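> Here are the chains, one letter per residue:
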Amino acid sequence: MAPHDLRRPFKRPAISDQQRRRELSLQRQSQNRRDAQQQARCLASSVLSLQSQYPDPVPELEIEPESQPQQEAGPLTKDLDIRQASKLRGPEVRKWFASQLMLPEWMIDVPDRLSHDWYVFARPAGKRCMVVSSNGTTVSRERNGSILHHFPSALPSGARTKDPSGSAQSYCILDCIFHELDQTYYVIDMVCWRGYSLYDCTAEFRFFWLNSKLAETGACDAPSHYHKFRFSTVPVYDCDQRGLYSAYIESVPYAKDGLLFYNKHAHYQTGNTPLALVWKDEKCSQYVIDTDSKGQVLSQQQVVLELQEDGKLSTSDDPPVIFGCLDGEFIQKSGLQSGSLLKFAIGNGGLSFVDGKLEKSDLNYLGKSNRARMFADSYSKTDFGFMSPAEMLRESICPCELYVSICLDKVIFQYMVRHTPLKFDDLLASVSPSDDEENKPCDVEMVD
Amino acid sequence: MAMEVTQVLLNAQSIDGTVRKHAEESLKQFQEQNLPSFLLSLSGELANDDKPVDSRKLAGLILKNALDAKEQHRKFELVQRWLSLDANVKTQIKTCLLNTLTSTVADARSTSSQVIAKVAGIELPQKQWPELIVSLLSNVHQLPAHVKQATLETLGYLCEEVSPDVVEQDHVNKILTAVVQGMNASEMNNDVRLAATRALYNALSFAQANFSNDMERDYIMRVVCEATQYAELKIRQAAFECLVSISSTYYEKLAPYMQDIYSITAKAVREDEEPVALQAIEFWSSICDEEIDILEEYGSDFTGNSDIPCFYFIKQALPALVPLLLEILLKQEEDQDQEEGAWNIAMAGGTCLGLVARTVGDDIVPLVIPFIEENIAKPDWRQREAATYAFGSILEGPSPDKLLHIVNVALSFMLSALTKDPNNHVKDTTAWTLGRIFEFLHGSTIGTPIITQANCQQIITVLLQSMKDTPNVAEKACGALYFLAQGYEDVGPSSPLTPFFQEIVQSLLTVTHREDAGESRLRTAAYETLNEVVRSSTDETAPMVLQLVPVIMMELHKTLEGQKLSSDEREKQGELQGLLCGCLQVIIQKLGSSEPTKYVFMQYADQIMGLFLRVFACRSATVHEEAMLAIGALAYAAGLDFAKYMPDFYKYLEMGLQNFEEYQVCAVTVGVVGDICRALEEKILPYCDGIMTQLLKDLSSNQLHRSVKPPIFSCFGDIALAIGENFEKYLMYAMPMLQSAADLSAHTANVDDDMTEYTNSLRNGILEAYSGIFQGFKNSPKTQLLIPYAPHILQFLDSMYMEKDMDELVMKTAIGLLGDLADTLGSNAGSLIQQSLTSKDFLNECLSSKDHMIKESAEWARLAINKAISV
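Quick mapping for you: the protein sequence lines, in order, are chains V and U.
Going by numbering that gives the first Met the number 0, the residue at position 30 of the first sequence is 29; the numbering climbs one at a time, nothing skipped.
Going by numbering that gives the first Met the number 0, the residue at position 424 of the second sequence is 423; the numbering climbs one at a time, nothing skipped.
Note that these hints are calculated values from the structure, not bench results.
From a predicted model like this one, the values you see are computed outputs, not experimental measurements.
Idealized CB from N, CA, C, for every residue including glycine.
Incorrect hints may appear among the rest.
[Unchecked claim] Taking lysine-lysine pairs in the DSS-like style, the calculated list, with each CA pair at most 27 angstroms apart, reads: (1) U:K69 - U:K696; (2) U:K728 - V:K367; (3) V:K212 - V:K126; (4) V:K212 - V:K255; (5) U:K728 - U:K650; (6) U:K781 - V:K342; (7) U:K781 - V:K367; (8) V:K332 - U:K781; (9) U:K643 - V:K126; (10) U:K56 - U:K27; (11) V:K263 - V:K126; (12) U:K682 - V:K126; (13) V:K227 - U:K643; (14) U:K854 - U:K839; (15) U:K126 - U:K173; (16) U:K781 - V:K311; (17) U:K89 - U:K173; (18) U:K93 - U:K69; (19) U:K682 - V:K227.
[As the list claims (entries may be wrong)] To spell it out: a stretch of chain U is covered by chain V in this simulated footprint if at least three of its residues, at any positions, have a beta carbon under 8 angstroms from a beta carbon of chain V; those stretches are: (20) 275-282; (21) 589-597; (22) 664-675; (23) 715-726.
Use the sequences and the hints to build the structure in full.
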């Protein structure tokens, strides 16, 4: 029991810098963890509140937005969310982003007044994504929500440069297709520019603004240190004969993947909309007919349908379209459960339509859809058709098959491609000058 | 059964290495082959008065080491081993030990005392060896002096070893009676008195009941105070040690004795020999500690029932105490500032003065100022140094208003003294005092800045100049600059240091290259100051911080060049690498926090990562930790790009997670796993099997320091959030661990603050893990896998709510988890949630909380619950 040491720290700060480094690291880490969790919650709660505030947007509303003042808060909240969410991480964020793009339907019928009310342009082949620039950085998210690039760009607030105009509020949201070959972002729509929301603007205005503003920023210049990828607009035409022909035939710096048609009066609406349409044939796209995982064209058209409790087979449209029915004995024998995704081939009996509605279908059961991809599965229940049909076509040739139960417009388009394709000539014919004489008020006929 | 071990034990202490090694081998073999026989032989050796003292001492030492170890898990093993020994063997050993106490050989007695205490430490809590204390104390009065001394010493060790609650009060009373009688003036033998006084020191914590009894307390205090006056120095020293211990253990009982104690201590400080005087000063420092703690509790408006009131002893003693302390400041030793670990009466006095200032605040200022004014300009360096030291000591405690005037007057004097005073000691203290001025009176919270545009240039010039002085002065100058920079940490976009940034950095780098930078911790101080200068820098100087990156990288590169280093060189290399990695970590964190600098910085990322990997390859524990911390910062800055380093880095990550012994390294690595999860998200998946395996092993290890376990749970959450439903395969391992840890933390009797703090950090880790898992599984079809765990989690939340001992952080995490559970499981858990207490009372309590973080989490929970139960 020797005397106890009673020395106290002398002329020393009580804490060492090493301890301080440790503590600052821990602080940063727990702050980052809290941020990650808090952001996941914020996002979830904003999604929750968006869902309850704006249930099932009805396409018709988009035509005359001024009559729907209560909707105005929606887009504003939405683009704020996108901006805040652009740098977030995590599965929930990815899922949320997946539902933020406007997705065209397949053109089965030629809409009326095509030449008056629509634009047409050649769709670049590549990854559809949403590009958000804010606070000195730019993030691109693929249509499944995962981050494609995180980079500096010449977009407003897209990089930390001495940009006098770049205030914190000056963020942008662009709807783009990333074209691998020339490493260029082709901007196909403008959702938000310098903090100004374009959700509520017509396509006409959005395209005008896009064409006049994008180049000003230098975003279309060659890549440099503060500007990692080039941006480019695509030539957009009025959908008259000349325009349609130019879009179809004229060479562009990118590989084409079909034609996109945008209604001039439509607002930017997330999810599937009949106010944007996609059409393709072999000439303007490599991907027209569904192929198997090896890229071989399937001998029969296949569809994936969801088994309902009453044995009915439905598409993932909302409301679901009934394609047929399995008898109870078969269901029991095969051990199928409602909610299963089942794969069918369309047999020789084909599909019959009356007034654009499916009347009869000849389906041959192939088996359960590959359920290994739970990711797609989860969407099939809530976010039908979150993928554009073009994306689905591309997915179906890639080695990992992605099955979601299918939307009717795609089934029909695929069916028609095999049987009675909507040919370019039909399109041309529909915009012949003689068509222009009617002078209907500015509304659009729905495809369904 | 016992064997002849004398020669082996003597050989084991031979100067001949081979003989020694051989003997150690045989002892080890003997122990492994037949433990009972081995222990019996040792106790027999220790008890045998015919044996040489050296073999007896070593026998006792080996016995002691067979009963106790520093490492927690080893200690536990040894306890179990002893308890499972044959009862006869144990009885024989114990008999030998007790017999040894009567030996005439002092070393044998003393060794045996310690072994007996170790055995008691194991057996008394098991209610074994109940006769020990009685048999030690029987006939204690009639024993010969040397046996009495050994008995008291044994009681002292025993009290040190055993927790008070396993000794019944009757025995405590007997022990105290024997001890106090041994200290008494009537005891003539000094050895007995010293042993008794030292025994009392350990027995004090057993004396709660006796200190509550006025008569018994008076008696003990009288005996202790008398012992401070004995002729024998060691007894006086031990008696003052008892007073120091009483001052913290029985602070609230001291009032009646303070007058006497002041007189005794003042006399000892002025007249007694240094070891005694130091203890006497320590008594007052200890009282300061107590009162600072109590007043802090007052300040935090937390008033529990067990609170001890403040008696303001220091405030009352102030008029006499301060002059006493000032007086001894003049008793400096010549070279105390150059001497590592020096401690003398002047240093103790200055330290105590600083504590007094913190205890009483403003009141001390008028008592010290005249001393400073009178001595600061005297020709005798002792007076100048004492005055400066007194000034530096009172800067923490009093309000800035009270000090600002004198500091402003003194500042230019200090600056001039630092350059011109001929005495090294005075310059050292002056630089230290400047550091204290900047630490406590400079920064955004101080109304009137003492550093202005007018004097900033001069201050920096003087400090940079002093960095060329002797190492001890230069080190203090670095320290002053550290606090100067720290004061500007939240200065805004423009810092007054910007114009000097380049010059400061250059001077600090020059210091690190000084030949003598190894002395007085100078190199470390220079790098640490550089770190602080970088931390407090603003965007204006970002380009210069960027330029620093290749410079530090080059320094780190140079440390990797030396080959075939001696162990001494290797240690120095490791230290330097630690400093450089630390510096890079600070730089990365700084540059990574803003996008433009991050982009430019990232051009160095590949090279930096390459250097870190090479540092790992050198394998030194401290470096390992610093490089690991730096890599965490790099992962945070690099984001997804960090993926490319994973193949090379992974093995070191695994090594870090396996480092049980240096738990700091393990803890830091666990934190880095979290950083990487957030950076890589699902790209971390290929590494998760390995990481999860290590983390699960860590959790199951009883070798790993417990403080690492809560962060490991949090890390589960990080992983789950990153990889989402892929966490599925780990559920079957992670969930049972979380459940049993939750049960443990819900039903822990929180005996002290440490335990409460630990329990709360464990709960926080568990809750964060659950939150991450639920958030990760959201919107997945596998959500249903989590449903079976929901009842237990809700029970856990309920039980914590009922215990009412959650801290704010746990409350926030807990209510957030409720939201995550509701959000992910939705209607599947609706009715379960509605049945839980948590979803009602606890949620309501959180919704009306004043803490906005708790409230925010509660709002989230309410939203998610409403959604879940409305479907």
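> Now tell me, hint by hint, if it's right for this structure.
Hint-by-hint comparison with the structure:
Simply put, K69 (chain U) and K696 (chain U) have alpha-carbon atoms about 22 angstroms apart, close enough for the 27 angstroms limit, and the pair holds. The straight-line distance between the Cα atoms of K728 (chain U) and K367 (chain V) is roughly 24 angstroms, inside the 27 angstroms bound, and the hint therefore holds. Simply put, K212 (chain V) and K126 (chain V) have alpha-carbon atoms about 23 angstroms apart, close enough for the 27 angstroms limit, and the pair holds. Our distance criterion of 27 angstroms between C-alpha atoms is met by K212 (chain V) and K255 (chain V), whose separation comes to about 24 angstroms.
Between K728 (chain U) and K650 (chain U) the CA atoms are separated by roughly 22 angstroms; this keeps the pair inside 27 angstroms, and the hint holds. For the suggested pair K781 (chain U) and K342 (chain V), the alpha carbons sit about 22 angstroms apart, so the restraint of at most 27 angstroms is met. Simply put, K781 (chain U) and K367 (chain V) have alpha-carbon atoms about 19 angstroms apart, close enough for the 27 angstroms limit, and the pair holds. Distance hint between K332 (chain V) and K781 (chain U) is fulfilled; the C-alpha atoms sit about 26 angstroms from each other, no more than 27 angstroms.
Proposed proximity of K643 (chain U) and K126 (chain V) is supported: the alpha carbons are some 23 angstroms apart, at most 27 angstroms. For the proposed pair K56 (chain U) and K27 (chain U), the alpha carbon gap of about 17 angstroms is at most 27 angstroms, so the pair holds. Between the alpha carbons of K263 (chain V) and K126 (chain V) the distance comes to roughly 24 angstroms, so the proposed pair stays at or under 27 angstroms and holds. Proximity of K682 (chain U) to K126 (chain V) is assessed by CA-CA distance (about 20 angstroms); at most 27 angstroms being required, the pair is judged to hold.
Straight-line distance between C-alpha atoms of K227 (chain V) and K643 (chain U) comes to about 20 angstroms, which keeps the hinted pair within the 27 angstroms bound. This hinted pair checks out: K854 (chain U) and K839 (chain U) have alpha carbons roughly 14 angstroms apart, not beyond 27 angstroms. Taking the CA atoms of K126 (chain U) and K173 (chain U), the gap is near 18 angstroms; set against the 27 angstroms cutoff, the hint holds. As the CA atoms of K781 (chain U) and K311 (chain V) are separated by approximately 25 angstroms, the hinted pair is consistent with the 27 angstroms bound.
A hinted pair counts as satisfied when its Cα atoms are at most 27 angstroms apart, and K89 (chain U) with K173 (chain U) qualifies at roughly 26 angstroms. Of the pairs offered as hints, the one joining K93 (chain U) and K69 (chain U) holds, with about 23 angstroms between alpha carbons and a cut-off of 27 angstroms not exceeded. Of the supplied pair hints, the one linking K682 (chain U) and K227 (chain V) holds, its CA atoms being roughly 23 angstroms apart against a limit of 27 angstroms. Restraint check on the region 275-282 of chain U versus chain V: 3 residues with Cβ-Cβ distances below 8 angstroms, three needed, restraint holds.
Proximity of the region 589-597 of chain U to chain V, defined as three or more residues with a beta carbon under 8 angstroms from a beta carbon of that chain, is established by the 4 residues found. Coverage of a stretch by a chain is defined here by at least three residues with a beta carbon nearer than 8 angstroms to that chain's beta carbons; for the region 664-675 of chain U and chain V the count is 4, and the condition holds. Counting residues of the region 715-726 of chain U whose beta carbon lies closer than 8 angstroms to any beta carbon of chain V gives 6, which reaches the threshold of three, so the coverage claim holds.
Hint compliance for this structure: every hint is met.
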